[in-house]
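These are the residues of each chain, in order.
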Amino acid sequence: MTQYQVPVAEKKFIGSHILVAILALAVGSLFGPLQAFEHAGWDFYTYLKPLIKSYYQGLTVHGVLNALVWTTFFIMGFLTFNVVFGLKRPLKNIVLNKVGFWMMVVGVLAAAIPILANQATVLFTFYPPLKANPFFYVGLTLVVVGSWVEGWGLFMTYNDWRKENKNERTPFVAFGSLVTALLWQICTLGVAVEILTMLLPWSLGLIDGVDPQLARTYFWFTGHPLVYFWLLPAYISWYAMLPKQAGNGKMFSDSLARLSFWLFLVLSTPIGIHHQYVDPGVPPTWKFLHSMFTFGVFFPSMMTAFTVIASLEHGARKNGGKGALGWIGKLNWSDPSVASQLLAGILFFFGGIGGLANASYNVNLVLHNTAFIPGHFHLTVATAVTLSFIGISYWLVPYLTGRKLWQPKWATIQAWVWFVGMIIFSNSMHVLGLLGAPRRVPLGLAPYVPAEWSGRLFQVGLGGAILFVSGLIYLVVMYKTATNKERVESEVEVPSAEPMQDPALGPAWLDRWAPWIYGALALIVLMYGPVLFEMIRTMALTSPGFRVW
Amino acid sequence: MSAQKMHIDSYERNWMIFSFILLVLFASAVAVAAFGMGIQVPAPEERVDPRTVATDPNSPWSNPGLREIAPGKYDAYILARAVPQWEYLPREITVPVGSRVTFYVTSPDVQHGFMIQNTNANFMVLPGQVSKLAVTFKNEGTYNFICTEFCGAGHGVMYGAIIVTP
Numbered sequence: 001m002t003q004y005q006v007p008v009a010e011k012k013f014i015g016s017h018i019l020v021a022i023l024a025l026a027v028g029s030l031f032g033p034l035q036a037f038e039h040a041g042w043d044f045y046t047y048l049k050p051l052i053k054s055y056y057q058g059l060t061v062h063g064v065l066n067a068l069v070w071t072t073f074f075i076m077g078f079l080t081f082n083v084v085f086g087l088k089r090p091l092k093n094i095v096l097n098k099v100g101f102w103m104m105v106v107g108v109l110a111a112a113i114p115i116l117a118n119q120a121t122v123l124f125t126f127y128p129p130l131k132a133n134p135f136f137y138v139g140l141t142l143v144v145v146g147s148w149v150e151g152w153g154l155f156m157t158y159n160d161w162r163k164e165n166k167n168e169r170t171p172f173v174a175f176g177s178l179v180t181a182l183l184w185q186i187c188t189l190g191v192a193v194e195i196l197t198m199l200l201p202w203s204l205g206l207i208d209g210v211d212p213q214l215a216r217t218y219f220w221f222t223g224h225p226l227v228y229f230w231l232l233p234a235y236i237s238w239y240a241m242l243p244k245q246a247g248n249g250k251m252f253s254d255s256l257a258r259l260s261f262w263l264f265l266v267l268s269t270p271i272g273i274h275h276q277y278v279d280p281g282v283p284p285t286w287k288f289l290h291s292m293f294t295f296g297v298f299f300p301s302m303m304t305a306f307t308v309i310a311s312l313e314h315g316a317r318k319n320g321g322k323g324a325l326g327w328i329g330k331l332n333w334s335d336p337s338v339a340s341q342l343l344a345g346i347l348f349f350f351g352g353i354g355g356l357a358n359a360s361y362n363v364n365l366v367l368h369n370t371a372f373i374p375g376h377f378h379l380t381v382a383t384a385v386t387l388s389f390i391g392i393s394y395w396l397v398p399y400l401t402g403r404k405l406w407q408p409k410w411a412t413i414q415a416w417v418w419f420v421g422m423i424i425f426s427n428s429m430h431v432l433g434l435l436g437a438p439r440r441v442p443l444g445l446a447p448y449v450p451a452e453w454s455g456r457l458f459q460v461g462l463g464g465a466i467l468f469v470s471g472l473i474y475l476v477v478m479y480k481t482a483t484n485k486e487r488v489e490s491e492v493e494v495p496s497a498e499p500m501q502d503p504a505l506g507p508a509w510l511d512r513w514a515p516w517i518y519g520a521l522a523l524i525v526l527m528y529g530p531v532l533f534e535m536i537r538t539m540a541l542t543s544p545g546f547r548v549w
Numbered sequence: 001m002s003a004q005k006m007h008i009d010s011y012e013r014n015w016m017i018f019s020f021i022l023l024v025l026f027a028s029a030v031a032v033a034a035f036g037m038g039i040q041v042p043a044p045e046e047r048v049d050p051r052t053v054a055t056d057p058n059s060p061w062s063n064p065g066l067r068e069i070a071p072g073k074y075d076a077y078i079l080a081r082a083v084p085q086w087e088y089l090p091r092e093i094t095v096p097v098g099s100r101v102t103f104y105v106t107s108p109d110v111q112h113g114f115m116i117q118n119t120n121a122n123f124m125v126l127p128g129q130v131s132k133l134a135v136t137f138k139n140e141g142t143y144n145f146i147c148t149e150f151c152g153a154g155h156g157v158m159y160g161a162i163i164v165t166p
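So the sequences go chain by chain: A and B.
Take 1 as the starting number for the first sequence in our numbering and just add one per residue.
Take 1 as the starting number for the second sequence in our numbering and just add one per residue.
A couple of the hints might just be wrong.
[Claimed, not checked] Taking lysine-lysine pairs in the BS3-like style, the calculated list, with each CA pair at most 27 Å apart, reads: (1) A:11 - A:98; (2) A:485 - A:404; (3) A:12 - A:88; (4) A:322 - A:250; (5) A:250 - B:5; (6) A:163 - B:132; (7) A:166 - B:132; (8) A:250 - A:330.
[Said to hold, decoys possible] Computed spacing ranges between beta-carbons, pair by pair: (9) B:83 - A:205: 53 to 61 Å; (10) A:455 - B:166: 48 to 56 Å; (11) A:53 - B:58: 37 to 45 Å; (12) B:13 - A:498: 21 to 29 Å; (13) A:455 - B:73: 19 to 27 Å; (14) A:323 - B:142: 50 to 58 Å; (15) A:452 - B:166: 22 to 30 Å; (16) B:58 - A:522: 24 to 32 Å; (17) B:35 - A:189: 26 to 34 Å; (18) A:357 - B:38: 17 to 25 Å; (19) B:157 - A:451: 42 to 50 Å; (20) B:13 - A:317: 14 to 22 Å; (21) A:41 - B:141: 25 to 33 Å; (22) A:47 - B:56: 39 to 47 Å.
These aren't lab readings, by the way, just hints derived from the structure by calculation.
Ideal Cβ placement from N, Cα and C applies to all residues, glycine included.
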């Protein structure tokens, strides 16, 4: 059976997303190790002074480029690929999607200028009353609105497909991508309101002050589902692509995979206050309710773990895998795309456990804003997500460019080096956090650091150095692939793990959008309505801005 | 189309039941710790005007420091600030062992954090809000309190100490 071929125009369009994403990762990752080195007491920022003024400017570049730009561009590209490939049709209106893409690019440039000029050293959380140059907020707005426009283009494409295929089930990769795009449309309302009603007019001098507590609440309305915006594209690959690549496995349960995506849509937004357990201005009732729902959103992740592992095992056993765990050795570890994503999944297991600790209302008291938190999200967004995206790029870039992956062996080495570096980095960050080390501090220079931390601080630096090597290998592999003279023989096959059971036999309510969207909105109104209403009612725009970096 | 039923494999069903029970157990543990053992998180205390909180003579933070309200019971009014330099006022507090100290912390400028090492005391400090938390110091020694939220260039040097004397 020959596969549907993504048209050339769409290939180029998707490819431009991946290009911007990798460029952002390249620059952003340059600063990652520099942060880690500061913990170990190796101060490189002194030498960077003419260019980068401080650790915090570097940290802003690292956070914005890696957590926001690399992820958003890669995701919008990958979602577009999945919708076009899954529905077997070109974009309804590629011009609209291109408008969205260019808005995002202009937005990144608009935000990059003040960041590089040290006019927006506010980190990727940009908590007011730290006040950045207006272009920073304009840039962020353009990135968000551009991603909305691209989402609309995907929905319109789906609508056309649906009209022609009234009784068919949406192919899974397209379905998962549309849910992800929808989740993003809903959850970014928080940060849009924060910027448009407060931060932007304030930075332009139209209003004198902001309400920092309200701003944080808007921010985390978006900030937590952002995590699922990052994760769901990786889940799409783990569910419906990886089992095929890893050993010709089939997707264990199509219906439950769909159900888990719906649960993510419904549950990932009304839990954002779990980032604000120790905020002074949020009533504990709401903190507690959000903590209970946070346990709820863990449920679809547990379902995902089962289905993905069962699908992998299915393929491995067909290929002669034996034993309770012995089958893992039969997976196709020599394929760099497989190795990256399996290693990403293994570390995600530990990231999930740490996440449960963070979510636990009062347990969070010993973890909040400690080094445990960056330790945690380097397992999730910087490994589960990033290493999976890297793995996807190992087949997607050859698919889009028609050029062979350069030296797959080096690509596999890259994944393993990342894995090792991240274990060292992240483990020591978790331990330091439990010992009471704060986050966002160059600990090598902090006056209160006890001698007992020094061993762990050294490991942070060591892990950072190893990750740097892995990042370099990735960039070389990508550069050499994009310029490879060796072309792929025919077409690269898109990995597609067929479901074990025909999706058409699954219940029809799994393919209906309205009830789930209404459910998601209702839950948001229920969980955020009263607390936000009260905060807006008592809003005090009394905090003037500060530039103290 | 006829109404189809969802096919769920028996292993998967068991896994989902197990996951559900596990999450209920975790949630219950949190609830018991919160309501049974009283390990609570900060609650709204008071709104203040960050522009005047450090200067208004009627504001306790115009004269930050320790007040003894009863034998062994203290209120500590602490100002966390980034301007003109990154510091807590006062930087140091001395109390005898066994004291119960209720902290009232606010900021006249940007967001800060307040984490007392080797205790469960850890909260955000926001301009416009008062963060309140009570801690009993059962052992003597020096407890550093550290800023845990990025507050500008000097974030990494912002700390103070509670000295618990015999």
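Hints versus structure:
| no. | hint | in the structure |
| --- | --- | --- |
| 1 | A:11 - A:98 | 13 Å, holds |
| 2 | A:485 - A:404 | 8 Å, holds |
| 3 | A:12 - A:88 | 17 Å, holds |
| 4 | A:322 - A:250 | 18 Å, holds |
| 5 | A:250 - B:5 | 20 Å, holds |
| 6 | A:163 - B:132 | 58 Å, violated |
| 7 | A:166 - B:132 | 58 Å, violated |
| 8 | A:250 - A:330 | 15 Å, holds |
| 9 | B:83 - A:205: 53 to 61 Å | 20 Å, violated |
| 10 | A:455 - B:166: 48 to 56 Å | 32 Å, violated |
| 11 | A:53 - B:58: 37 to 45 Å | 40 Å, holds |
| 12 | B:13 - A:498: 21 to 29 Å | 22 Å, holds |
| 13 | A:455 - B:73: 19 to 27 Å | 40 Å, violated |
| 14 | A:323 - B:142: 50 to 58 Å | 54 Å, holds |
| 15 | A:452 - B:166: 22 to 30 Å | 24 Å, holds |
| 16 | B:58 - A:522: 24 to 32 Å | 45 Å, violated |
| 17 | B:35 - A:189: 26 to 34 Å | 33 Å, holds |
| 18 | A:357 - B:38: 17 to 25 Å | 20 Å, holds |
| 19 | B:157 - A:451: 42 to 50 Å | 18 Å, violated |
| 20 | B:13 - A:317: 14 to 22 Å | 21 Å, holds |
| 21 | A:41 - B:141: 25 to 33 Å | 26 Å, holds |
| 22 | A:47 - B:56: 39 to 47 Å | 46 Å, holds |
Hints 6, 7, 9, 10, 13, 16, 19, counting from the list given before, are not met by this structure.
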